[in-house]
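Protein chains in written order, with UniProt numbering: chain A, 1 to 279; chain B, 1 to 62.
Hints in this document: simulated from the structure, not taken from any laboratory. Backbone N, C-alpha and C define an ideal beta-carbon position, used for all residues, glycine too.
Heads up, incomplete: computed chain B residues facing chain A, CB under 10 Å, no partners named:
#1 THR7
#2 ILE17
#3 GLU18
Computed far set for chain A versus chain B, every beta-carbon distance over 10 Å:
#4 LEU189
#5 ARG195
#6 LEU208
#7 ALA253
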Amino acid sequence: MLTSHLKRGVKAGVVAGLAFGLLLALVANPLVAFADELGHEGGDIDGGIAESGTGEHHETDGGHHHGADGGHHGGAGDGPHESVVSSTVTNGVSVLSGVLWGILLGGVVFGFAFYLLEPAIPGTEGTKSYLLAAAGFVTVSGAPWLVLPPRPPGVSQSLPTETRTLLYGGMMAVGALACLLSGYAYQRLRERRGRGAAVLAAALPFGLLAVPTAFAPANSVESALPPDLATGLVGMTVFGQALLWVLLAGAHARLSHHSVEDRPSDVASDRSDVSVTAD
Amino acid sequence: MPATTDTVHGRIEGARIELTPTQAAVGFALVAALGFALLFVQEPMLHDSMHNFRHAAGITCH
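Given these sequences and hints, build the entire structure.
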């Protein structure tokens with residue numbers, strides 16, 4: 001039972017991961033590289049080292065500082081810097097990471113978490129997948145983004161990297177807690193008070209997210225990018241993650257339909273469902 | 001079968017029966033390692049290789 005759930009989750013993850021990898025290869029790779037370059041030039045001009053237009057940088061400041069530091073650029077955030085690997089490697093590994101990201105989320109959220117939580121998630125088969133996707137999005141991206149919104153490349157952030165890593169991880173935990181509480185509140189109230197009250201109660205735990213958001217240290221940012229491009233990059237990030245979760249849920253729901261269709265007990269289980277709701 | 005796995009508690013019990021502690025530990029370690037590598041590792045070579053992915057995924061921890 002667990003194995004079949006894991007398989008289905010990982011399959012959904014492969015579908016969504018491949019699509020996300022394609023988005024990375026076709027959109028994110030060229031766009032981020034372009035923005036990096038633009039941010040780099042902007043940074044140089046800001047620092048008063050405007051190059052004369054040959055495009056050849058003399059490794060005076062940014063590049064060497066980065067190399068000598070062993071690549072540690074925590075203090076100044078991820079400001080403009082020379083990459084220690086070629087753009088081919090960055091593009092390839094990024095696409096691969098995107099595919100792995102989908103598989104990881106598929107396996108963990110739609111494999112293991114769905115196996116454990118399936119009885120507690122409200123709704124029918126397909127709805128459950130989409131609800132879990134919404135919860136996954138809030139946990140993995142939505143909640144952390146309240147404190148650390150996605151940033152375009154070449155942006156200097158005031159908080160050191162370690163602090164941001166802790167904040168990001170902490171907000172993931174708070175997001176997961178809010179989602180679990182929400183599901184718990186809905187299931188507890190649905191039987192006693194009806195659906196309306198249950199939905200209202202399910203919305204309340206998300207107020208929890210406001211508490212750490214209000215108390216998180218401010219992370220001021222500086223960007224040399226044109227605001228339109230910066231907005232577009234952030235939009236791509238949000239769209240990409242939303243798409244990933246929708247695809248995960250869609251693939252997961254479809255796969256479950258398939259496995260149900262294969263089984264002859266389909267009709268029987270449907271009937272028992274109906275009788276339960278009639279009671 | 002459905003009656004015994006109708007609750008989250010039942011599912012946890014089911015996972016305990018189906019997985020040996022070693023399998024569970026190995027699985028958890030693999031997932032944790034992959035998740036940590038994708039999201040948080042700052043080692044310059046890894047970080048720069050996954051640069052575009054992290055921006056596309058909205059992880060600004062770098």
